[in-house]
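Student: Below, each chain spelled out in residue letters.
Protein chains: 4
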Amino acid sequence: MASQAGIIDSHDARLNTPKTEVPEGSSQESTVQARSRHRGDTLDSVRNYLGLKPEAPVAEDHQSLEHHELLWSRIRLALREPFAEFFGTFIMVMFGDGSVAQVLLSAGNKTSPGGNGSGQYQSISWGWGLGVMLGIYVAGNSGGFLNPAITFNFCLFRGLPWKRFPVYLLAQFLGGFVAAGVIYANYINAINDVEGHNIRTVPPNPTATAGVFCTYPRAFLTKASQFFSEFITATLLQFVIFALKDESNPGAMGKTGAGPFFPLALFFLIFGLGACFGYETGYAINLARDFGPRLMSYAVGYGHEVWSAGGYYFWIPIVASFLGCTFGGFLYDVFIYTGPESPINTPWLGLKRLVMPKGFVKPARDEV
Amino acid sequence: MASQAGIIDSHDARLNTPKTEVPEGSSQESTVQARSRHRGDTLDSVRNYLGLKPEAPVAEDHQSLEHHELLWSRIRLALREPFAEFFGTFIMVMFGDGSVAQVLLSAGNKTSPGGNGSGQYQSISWGWGLGVMLGIYVAGNSGGFLNPAITFNFCLFRGLPWKRFPVYLLAQFLGGFVAAGVIYANYINAINDVEGHNIRTVPPNPTATAGVFCTYPRAFLTKASQFFSEFITATLLQFVIFALKDESNPGAMGKTGAGPFFPLALFFLIFGLGACFGYETGYAINLARDFGPRLMSYAVGYGHEVWSAGGYYFWIPIVASFLGCTFGGFLYDVFIYTGPESPINTPWLGLKRLVMPKGFVKPARDEV
Amino acid sequence: MASQAGIIDSHDARLNTPKTEVPEGSSQESTVQARSRHRGDTLDSVRNYLGLKPEAPVAEDHQSLEHHELLWSRIRLALREPFAEFFGTFIMVMFGDGSVAQVLLSAGNKTSPGGNGSGQYQSISWGWGLGVMLGIYVAGNSGGFLNPAITFNFCLFRGLPWKRFPVYLLAQFLGGFVAAGVIYANYINAINDVEGHNIRTVPPNPTATAGVFCTYPRAFLTKASQFFSEFITATLLQFVIFALKDESNPGAMGKTGAGPFFPLALFFLIFGLGACFGYETGYAINLARDFGPRLMSYAVGYGHEVWSAGGYYFWIPIVASFLGCTFGGFLYDVFIYTGPESPINTPWLGLKRLVMPKGFVKPARDEV
Amino acid sequence: MASQAGIIDSHDARLNTPKTEVPEGSSQESTVQARSRHRGDTLDSVRNYLGLKPEAPVAEDHQSLEHHELLWSRIRLALREPFAEFFGTFIMVMFGDGSVAQVLLSAGNKTSPGGNGSGQYQSISWGWGLGVMLGIYVAGNSGGFLNPAITFNFCLFRGLPWKRFPVYLLAQFLGGFVAAGVIYANYINAINDVEGHNIRTVPPNPTATAGVFCTYPRAFLTKASQFFSEFITATLLQFVIFALKDESNPGAMGKTGAGPFFPLALFFLIFGLGACFGYETGYAINLARDFGPRLMSYAVGYGHEVWSAGGYYFWIPIVASFLGCTFGGFLYDVFIYTGPESPINTPWLGLKRLVMPKGFVKPARDEV
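Protein chains in written order, with the working numbering: chain D, 39 to 406; chain B, 39 to 406; chain E, 39 to 406; chain L, 39 to 406.
No distinction is drawn between identical chains; accordingly, a pair holds when it is met within one copy or between any pair of copies.
Straight-line distance between alpha carbons at most 20 angstroms, and here's what the computed SDA-like set of lysine to any residue pairs gives:
(1) Lys148 x Ala257
(2) Lys261 x Asp231
(3) Lys148 x Val232
(4) Lys148 x Thr239
(5) Lys261 x Trp353
(6) Lys261 x Leu361
(7) Lys261 x His235
(8) Lys148 x Pro241
(9) Lys148 x Pro242
(10) Lys261 x Val220
(11) Lys261 x Asn230
(12) Lys201 x Leu117
(13) Lys148 x Pro244
(14) Lys261 x Val232
(15) Lys261 x Asn227
(16) Lys201 x Leu88
(17) Lys148 x Phe258
(18) Lys201 x Leu81
(19) Lys148 x Glu233
(20) Lys148 x Asn243
(21) Lys148 x Thr245
(22) Lys201 x Thr364
Calculated directly from the structure, the hints in this document are not laboratory data.
Chain D extracted, bound-state conformation:
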């Protein structure tokens, strides 16, 4: 869920030493520097404003193509990573919310083949699992984070530049927001069929359809349990992603290489979170997947209850996803990770870095 080499350039970005720029994304890609120089600096300034690297990631054999002179091609390069995150999250939420919609709205329908609806609960594990998998394939240009809490942790523990966080967050949020709108447009007749025309309700109303878009907690949960369920699920998410992305862990990247299995492994991870930790709060663990569609459901008329339901539950998936993912990343780095870009691997478990951020990288004098 993160660009594989996008880690190192963060130091450069922070230290303002762009001359030793390391290309991002993969070795196959390099910069369009020469070209962009005579193209003027509008593109560069937009990308700089958004916190992105000066040069957009483009495959090497596409770098010198003439069409990069065209207006739209240049806009596309300027917004390359945000577009990737937008469409990756869009694809994820289309399949994810689509699966919930189909299961919820067809429940018990006797005219479906098999005579009992068009899918059971497990369909939802499939939908979110493969939605994340396909979203990662789509969002290769940005690293395929698809989740602000994941981006946050790659900034915190893997040196992704903090300046990129806002535009990634915005793109992810918009991807989820727009996808929820398309799902609503697609399933509006089926929603009417279940709830009735112009009736839109949230759980625990028995015919509620608001659960298509975002998550609502079980009635038997205390506030602490609501939080804990989202927190521990987010912890698992980040811990396993760091393991799968850790090239120094032989389990993930050893002699034979599990790298190309990453999207498939994410399918299993997300499927598992749904099958094992989805009962209590619906495993939102993602602002873009929960807050975006929730706002859309508010916009199309589900009413103020989308916020107030479950004791104003709506903020829990947001806060718990950030705290849980951070705890998961912390755990992985404390107990397993040996790479130098993690603050855990600096003096005082990173606290020294917090106090003296400029001076923490000292040349290793006694090394050759």
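Following the hints, put chains B, E and L in place on chain D, whose structure we already have.
Tutor: Same frame as chain D, now just chains B, E and L:
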């Protein structure tokens, strides 16, 4: 779902400059030129008539085999790509329609192991998903499109020669048509068991079995919703296929290579479309999968209702699949694709190419 | 399902020209010739008697190990391929019959987690699919056929020596026979729980458990439909296996290589046959999977009805699997395969080979 | 489930000849010998005390990093393999027990999407299968055994040093124990919802929830059947793992390499054991997965019945997993394995090694 290098030769074909022919399919394959020269030109003229490249794709180590002199071996080479599309689509529809047949006809059967039929709705997602996956493995010689709308978009956006479109379409249609006939022959006793001898009905009849072969929409859908559901599903199909086939997208083809995962990723994509967008109209999104079997069901006696059901719904999967796929391809190329063969990456987003098709490829003067 | 290079040595074996022996299995392996020479010829004569190559397939770095001098190590080498087929088929039937046992015997059990048995019909598709997948991994030394009809077709169309067919068949049969016995031992209490002590019945008895071991057809099927269902399923099995094993088909073995995906693809293929063609006759399509366990169920006391049920149905999976697989292999070779070892690619579609088997390989005079 | 090269160094460890040390884990990794020398010997002595190799496995490009001088980094290196086994087993049990919890506690819940609980029995097969898969990815530094019986067999048959067994066992046990505690904390409200506050019961009580944590056998089983079911399942587990890890078996590691498919293959293996052999005793086959969580369930108040239920069943998964796995490893090595590190491949099937352990490795005099 398209030959990986089959893109570039389209320019040659259109510009009639066959001397710089690029071999299609993979680097492993090359031409049987020398051989075909003294074999006379019947084979070449058939292939030319069908819009195929003069030389059939054959694995390098099989090119100089003696049996290519035999009559049948030559016919097989002449029709290599159509045979591949026919059998790929045949396999896809065999598994797809087979899964619908099994779920529909066994629904509620208490003598199945487990006591409740031989499969639930999810079986159908499996059937179509793995049918497409195995069909792509089978149809390697043509690129494994299996869907006229996908072929159409590879012609429109990836430079596949338009001349090939008709014969691919015909092969795909016939593959679906014949497969539906075999499924009918296989399940005729089970259909009689459900409907009664010589009784064949279409939905919404409660015991209808026409849904085994092609799709019928839910009763609660408006015409617009019928169209939108097929349109958006086809959009997702084409968008993700372009992402998975984009060698310049690190998500699909980066350092480690997701290429060999393509058939498996298609399993997840098709499974997902069935689990997330299959409730309303049955996710036909393919002329070969819907119109072919529909015609067969008409031929074996399901009556005029196969056309008139759902307010003459039958044309919607055809039109919506082409329009939706084209919109999906357009989206991908506008926002993500940087390759030169897409008309989106020519002046005026391809409109200039429309006006002056011959002159659009100018040598890049200021490039070396 | 066949050793990848095990094809060419068949010509040598038949023509008695062992000097140009091609090592079987993979390039990684070679012969233990030098060693076996001073070991005397008992091992060789056993292998020769069984129709196997003189040298057992052993990984290159294990060839010169001292323990090959020990008695048991030599017996293990002598019976290397039969052991592989035995254990591969054993694993396949353990998981396959195990899944049927679990679903059938736990049906409706309210104390299972979820309250409705320990698995539904789909479990059986999983069991057979992953059983075949794991069996292929286990039986790497022999090629992983696991099915006499598949072995038969690799003899007929891919040059596997016919002399090996009997010992492979015997090993596969024994693997299924023994596995069914272990399954019976494992589930005997659960069978008693369902049927009662010392009561063992076959379908259509409502509490019959004979279906755990082998297949019984639906009551509504005519004899012709019983045969057709097994025939067409076997056709699909062989056709797709030939496609997946065809290194000259870019879909299976192109630039990026689908080779290591073979066991996984077989999971999907077998899962699909179960989900799409399992309703009518139970997709036996394999003597080793059906006749072996049927004989075991007869031995442990299910009575003469295991043979007479379904109008003496027991012979249909045997005959239909051979005929169906042969038709599938024929179809693939007629329409797609270009390799020289298929008789289809000889004069008169192989009939000349039938008439004059010795002389059919002529040196290609006009080739360099 | 074992480090791929971690086999050979066992001889060295036993014979106390550390000078020809072979690096463990993968060729990518090597020792941090030079560094650890001037770091003093505390780290070494801890690792030596635990039976681990003197140098912790670290990726080559992370070996000379400065942070290895920091206190915590050194502790992390000292306990590298135990940490890996702990977290691998923790992840496995989190997903495994989480899936049982979700299915058991949500059974029949009408407010779940689809109207019938949040998952059926099959969810549990998914949970354990993907839990093992992800656990193996996490525990790359130790080899990813996750099961004392598997570790035991790699010691017995593959030369893993016996001295490591205790610390691996402890780490695995603690991983399962802690994970069960987290699962309890997460699902405590749902458990209260099913059982009532402060009521905790074990099967066969109809509302029992103790089955969330560890396994309880079916009432209809005899003691012998309880044992046999666990024994045969453990046999299959070890047999297939040895096949998948056997680099000399072309099915697992041939020309194209199935190595990177190992975690995915384990998903299918564990899924299969659950779908085919999970009905009678719940396929514990692992001390860490059964005894650890059982102790935790005792600690949180399920009472003495966690031990006495099923006729003091609790010891059977422990004993049967060791005996069954050993039988499975024995079978594989007797019939298939040709590598020299198995005692089966020494004189008298390893008995000579038992009698004269020091002298069994003689230089192969007649080999070069």
